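> Residues per chain are reported as follows:
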Amino acid sequence: MRNKILSISVFLFFSIVFVIFFKGLKETNIYTPDLDIKKEIPFFHAKDFYTGKKLNTSDIFKLNQTYLLNIWSSWCVPCRKEHPLLLSLNENKKINIIGMNYKDNKINAEKFLKELGNPYKRVFEDLEGTIAIEWGAYGVPETFLIYNNKIIRKYIGPLNLNIIEEIKLLIK
Amino acid sequence: MNILKIIIIIFLIYPTSNLKAEDLEMKNKITKNLRCLICQGQSVYDSDSEFANSLKIIVDKKINEGLSEDQIYEFFKNKYGEWILYDPGLNKNTYILWLLPLLIFLAGGAIIYNSFIVKK
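These protein sequence lines map, in sequence, to chains A and B. Counted from 1, the first sequence has number 36 at position 36 by our numbering; the numbering is strictly sequential. Remember, our numbering sits 172 above the position in the second sequence when you count from 1.
Keep in mind the hints are simulated off the structure, nothing from the lab. Be aware that a few hints might be false.
No more than 27 Å apart at the CA atoms, straight line, and that leaves these computed lysine-lysine pairs for DSS-like [what the hints assert, rightly or not]:
#1 LYS103(A) <-> LYS204(B)
#2 LYS103(A) <-> LYS264(B)
#3 LYS38(A) <-> LYS4(A)
#4 LYS249(B) <-> LYS38(A)
#5 LYS53(A) <-> LYS234(B)
Computed list of chain A residues with no C-beta within reach of chain B, every gap over 12 Å [what the hints assert, rightly or not]:
#6 SER73
#7 LYS103
#8 VAL123
#9 THR130
#10 LYS150
Keep in mind that this is a model prediction, so the values were computed, not measured. Note that beta-carbon positions come from the ideal geometry of N, C-alpha and C, so glycine has one too.
Could you build the full structure based on these sequences and the hints that come with them?
Dropping the structure here:
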């Protein structure tokens, strides 16, 4: 009787361990952030890059419009690479590109825009990087696709041609 | 007269400095329990990356706003997911993690009880 209980419990124990490890085997242990999120955009206060006026979320993002929020900085090398893509995307009238200038020096940032062109309808400053945290961003560059005050898609790292195509499909 | 002055000075300084120290302790505790998501194996407290520095500013602000530790964790969990916490709470993804040691402990106790105490 005792032997039976023992063997059953040993069997049960190993089968539970097996199930746990088997489940763990399929799951990736590399952390992948949630990219396909449908979250409300956060409420924040910021300063306009050119006029220095105070702004909040509702000044920038309106309902029933598509926005692309791009976090950029003049010291960020991948931002330089993705900049021509943003300029080309700006030709599409359905989308409003908004820039968040992340932890940057104003003179350098202005130079950057003069040199490479300005695809942004509006630029606001984030000197401390705290607004980026409100958005759940990791760093620069990072891009959010926003419709109806909801984040539709989030792209971490520089944009590429495939992503631009995807954005164009999504906003059709 | 001098004693009176000293007492007044102590009275003025004591409450504020005490509060600051408590806040700093809380800030350190919270940042030690937040994972720096763009670093490898470092907490926000240990890291000096742009991301971690911004996070520290936010923790400071939230403490000043009077939010509790749990509310601050909840805020970051909302933004970045459970992964940002080193000490995950009990939910459907982590219940095995929390309950398995307890179960093993109980099973071990049962085996010991059966084979040593009941035998006698």
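> Each of the hints needs a verdict: does it hold here or not?
Going down the list of hints, with the structure as the test:
{"no.": "1", "hint": "LYS103(A) <-> LYS204(B)", "in the structure": "holds (24 Å)"}
{"no.": "2", "hint": "LYS103(A) <-> LYS264(B)", "in the structure": "violated (38 Å)"}
{"no.": "3", "hint": "LYS38(A) <-> LYS4(A)", "in the structure": "violated (53 Å)"}
{"no.": "4", "hint": "LYS249(B) <-> LYS38(A)", "in the structure": "holds (16 Å)"}
{"no.": "5", "hint": "LYS53(A) <-> LYS234(B)", "in the structure": "holds (24 Å)"}
{"no.": "6", "hint": "SER73", "in the structure": "violated (9 Å)"}
{"no.": "7", "hint": "LYS103", "in the structure": "violated (6 Å)"}
{"no.": "8", "hint": "VAL123", "in the structure": "holds (19 Å)"}
{"no.": "9", "hint": "THR130", "in the structure": "violated (5 Å)"}
{"no.": "10", "hint": "LYS150", "in the structure": "holds (15 Å)"}
Hints 2, 3, 6, 7 and 9, counting from the list given before, are not met by this structure.
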